[in-house]
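Produce the entire structure from the sequences given, and follow the hints as far as they go.
These protein sequence lines are chains A and B, in that order. Under UniProt numbering, think of the first position of the first sequence as 1, with each following residue one higher. Under UniProt numbering, think of the first position of the second sequence as 1, with each following residue one higher.
Among the hints, erroneous ones may be present.
No farther apart than 27 Å at their CA atoms in a straight line, the calculated lysine-lysine pairs in the DSS-like style are these [unchecked claim]: (1) K23/B with K110/A; (2) K92/B with K23/B; (3) K250/B with K110/A; (4) K294/B with K278/B; (5) K57/A with K388/B; (6) K129/B with K110/A; (7) K65/B with K110/A; (8) K30/B with K110/A; (9) K57/A with K354/B; (10) K201/B with K283/B; (11) K57/A with K187/B.
Bear in mind the hints are in silico, worked out from the structure with no lab data behind them.
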Amino acid sequence: MGIRFILMVNKQGQTRLAQYYEYLTLEERRALEGEIVRKCLARNEQQCSFVEHRNYKIVYRRYASLFFLVGVDNEENELAILEFIHLLVETMDRHFGNVCELDIMFHLEKAHFMLEEMVMNGCVVETSKSNILAPIQLMDKAS
Amino acid sequence: MEQLKTIGRELAMGSQGGFGQSKEFLDLVKSIGEARSKAEEDRIVLHEIETLKRRLSEPDIPKRKMKEYLIRLVYVEMLGHDASFAYIHAVKMTHDDNLLLKRTGYLAVTLFLSDDHDLIILIVNTIQKDLRSDNYLVVCAALNAVCKLINDETIPAVLPQVVELLGHSKEAVRKKAIMALHRFYQKCPSAVSHLLSNFRKRLCDNDPGVMGATLCPLFDLITIDVNSYKDLIVSFVSILKQVAERRLPKSYDYHSMPAPFIQIRLLKILALLGRDDKQASEKMYTVVGDIFRKCDSNSNIGNAILYESICCVSSIYPNPKLLEAAAEVISRFLKSDSHNLKYMGIDALGRLIKISPEIAEQHQLAVIDCLEDPDDTLKRKTFELLYKMTKSSNVEVIVDRMIDYMICINDNHYKTYIAGRCVELAEQFAPSNHWFIQTMNKVFEHAGDLVNVKVAHNLMRLIAEGFGEDDDTADTQLRSSAVESYLRIIGEPKLPSVFLQVICWVLGEYGIADGRHSSSYITGKLCDVAEAYSNDETVKAYAVTAIMKIYAFEISAGRKVDMLPECQSLVEELSASHSTDLQQRAYELQAVIGLDARAVESIMPSDASCEDIEVDKDLSFLDNFVAQSIERGAQPYIPENERSGMLNISTFGSQDQHEVSTHGLRFEAYELPKAPVPPRVAPTVSSTELVPVPEPSYSRETHQAAAASSVSDSGSSELKLRLDGVQKKWGRPAYSSSTPSTSNSTPQKTVNGVSQDVGSTVNSKARESYDLKKSQVEINPEKQKLAASLFGGSSKTERKPPSASHKVAKASSHATESSLVPNKAVVTTEVVSAGTNHQPPPDLLDLGEPSATSSAPFIDPFKQLEGLLDPTLVSSTTNNGASGSSNAPDIMSLYADMSTTGQSSSTGNSVSADGINAIFTSGFSTATSTDQGGVAVAQSSQLSKGPNPKDSLEKDALVRQMGVNPTSQNPNLFRDLLG
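Quick look at the structure:
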């Protein structure tokens, strides 16, 4: 099914956004996030942006203080996921303007809406920034 | 720059509350943002939960407030705390008429609930209603929820509407409807099996987004059933060609690559369709070749496509030109400085060597480099490659490396995995018995608790059976070397239980077989083990049985047995053990020692673990005994089925009996408890067993167990003893020679019980590994050739061939390192240019910023927001407001125009490639539609620029308002992610 979860975690290991594409209980999520974050934060810049964890492969990318972690299954193209992360950040940047951690915290639901447009059933379904943002902007105007 | 920002902040100070969020929310975000530790964060969240519980119990909460509460609840769950007390509020919000509130409600619900949660039933109705909405954004919101919340039971409730929406005029709706159908397919394929043709139809959708999304379900379908979709190859190839030729709208470009994510998915699909199919593959060669040529190899995304092309090339029927291109890309990946590219290169290499093994040769050094890299991810990927390249000549090197790595990691999941790999390789390619035993010892020593028990049984089997050759001396040598190595290892502290079991078993079977060790020496060692691991009953059981075997062999060889004092005390201790199993083994041991040589010989023949045991399931040898008992007045045995039938009508205990035999769920209430009857069962008195006494159910287990040991019951199906398929353990003589008495039949059972377990697993494993071997044989020649070039043949071409490097490496890994250095240097110089280009800085993004700050003063965000809130002003303030309402905004009419023109052209088209061609040309290349597209893009970019100045100002305002400066607690909060 491709993408199993998307996490945004800051340098201190605090979760800023979590979206799962298969249901995990609260405890499972908590444990998984803890383990993954510990693993990824321990890595340095030179090392691969990919980490294996249990049955997942984690593709991660760091932007300023924020880590974007995407858990995928074995059949995914890691480089493409890495670029998917960048596309997500670019999209948020277009919407928020110089997006920063605080934007995501204050507009958690919008960040989720963007993800909802981009990923469904664990598949990347939309990569055109204008298409991703159109409904969000329409909602902004309407409300 | 910094100054400008400060000025911006100052200016924005006046317009507070720009986000429309309450002080409470701001405080929450602020405190979470500044929390220093998990504990502090937990404290904040727990406090927040209390606040929310209070707030939610207040009457008449305004809707906007409620939305904010919901988001705060999302925070609560995201940070790992339970918010189930408020799920119902999320559900309620999905009923709201306001789009933003509704969508927030749906979002919260999808984040909170699993698809089998009880509350879902309350949402299905809302979803149904929303799917019918004439506001397409409401429909989209509902479809998002459908993808997350609908399970196989609720599919029928929404399926007809979802199917209808596949033809919706809005491409966004069609796209989401396709994905909803995809979800149904994932959840319950049979529910949508009649609708699969829709996926084919949507492949020709005139909107590239819908087409791209449709590739996801098609990929799944093709994975399962390739042959039904071979006819689509032409279409996929044609789409890929058009995408690569930039026929899609510019908005799908990513870093100047045309729709890369669609390209990648298409390549994945082609890889499936062309596998082992020459004809199909030939249709793909041109387009894949084009992609190799066109792809920008300096960007990540370009390399992602190239990697996918390699995967495709190595999956479809081989084509020399494409293989060459793939090899070229791989070598570029491997020479790169970027670890990511190296990783992809190693992976790609692992795919390609299956087809052209010779390409590995030129990358020997790069592979060794990756293997020695401190980066675990890279190392593991390289092990994966080596695993694929293993053969008997290099197995020692590879497995040694794997074990070394296995020893130094803590990650149990991977340790288990790599231990399994080592065992597998060792079993398949072991060059010598001695090496095999040594290797297995190492694996067991360091990962014994993690390897599958089967592996242990397999090892025992291999030692017992030898390697299949008819060479007895080799087998004897194998056993001797095993015994020697175990005697060496046995003293080590803290050995894994499974390993100890193997050791005990082998020592018991073969400890004194070659005459090198005395029985007292071996039994002494076994006693030590039993003592050292006194908590591990299984090990103790193995040890005591091994001791019994040693003594039995001694007795049957006519030697006198002197039990060691420690052995004596062990047996005494065990005969008083709480474990009935251990007790029984101890008594057996004592009983065996008391027997004469002939009896022992037939009970425990030496080295008979591979003999077949024939099982007399009817226990006919007991017939005499039974007849005698009946003569003496015992009641005859009544088979259980008759017995229970009889009891059903007559006795009170029928329920109990029934319960035992059915094992189903009971739906009637349990009867009231009766006065407990102490479970007094005399197992030796067979007459009491014949008619089960009505008993409280809790005593049934004891009863059953006791019954199992009685003679008359032993033939019934209730016996725990499953003797079918029992082979090879202590031979037939032991079984048939035993005298028909109750006391004697019990030891047999346990002995056989153990042997049966071992035997059956061993057997199945044996079959498995045989199959494996068989399948391995097919690829072996290729593998051999490759591995010989990589690790064998030493100093032929390379100055420092890896195989030599390994042998040296053991002594000094230094040598390898230093020899690699010059080569590395060459590599770096070669790749410098590629390396620098590796991550192009995002360019487009900084454009908005200067203008944002400069234009900021002219826009009053507060006023703008106010305007937005007023529905009557919508049309005047913005052109694009209230979607779906009667006064259709410009941009929407544009979209609609586009899709209608597109649709009119699509109606006539079938699934053929030409059709797609036509659609794309009509959709994207004709003058009119490009014009429209251009307008749309311009419009939307205007839209997207709108919020920029406003937001960044408000952000700064907030910073001030909260009293947080970049220098305070958590400066990173304000750092531009892309800065």
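How the hints compare with the structure:
1. Among the hinted pairs, K23/B with K110/A is consistent with the structure: their alpha-carbon atoms are about 20 Å apart, no more than 27 Å.
2. Our distance criterion of 27 Å between C-alpha atoms is met by K92/B and K23/B, whose separation comes to about 24 Å.
3. For the hint pairing K250/B with K110/A, the CA-to-CA distance comes to about 25 Å; that is within 27 Å, so the pair holds.
4. The hinted pair formed by K294/B and K278/B meets the criterion: a straight-line CA distance of about 24 Å does not exceed 27 Å.
5. Simply put, K57/A and K388/B have alpha-carbon atoms about 20 Å apart, close enough for the 27 Å limit, and the pair holds.
6. Between the alpha carbons of K129/B and K110/A the distance comes to roughly 24 Å, so the proposed pair stays at or under 27 Å and holds.
7. Proposed proximity of K65/B and K110/A is supported: the alpha carbons are some 17 Å apart, at most 27 Å.
8. Taking the CA atoms of K30/B and K110/A, the gap is near 18 Å; set against the 27 Å cutoff, the hint holds.
9. Distance check on the hinted pair: K57/A and K354/B sit about 24 Å apart at the alpha-carbon level, within 27 Å; holds.
10. For the given pair, K201/B sits about 22 Å from K283/B by alpha-carbon distance, which is consistent with the 27 Å threshold.
11. Simply put, K57/A and K187/B have alpha-carbon atoms about 23 Å apart, close enough for the 27 Å limit, and the pair holds.
Comparing the model with each numbered hint stated earlier shows that all of them hold.
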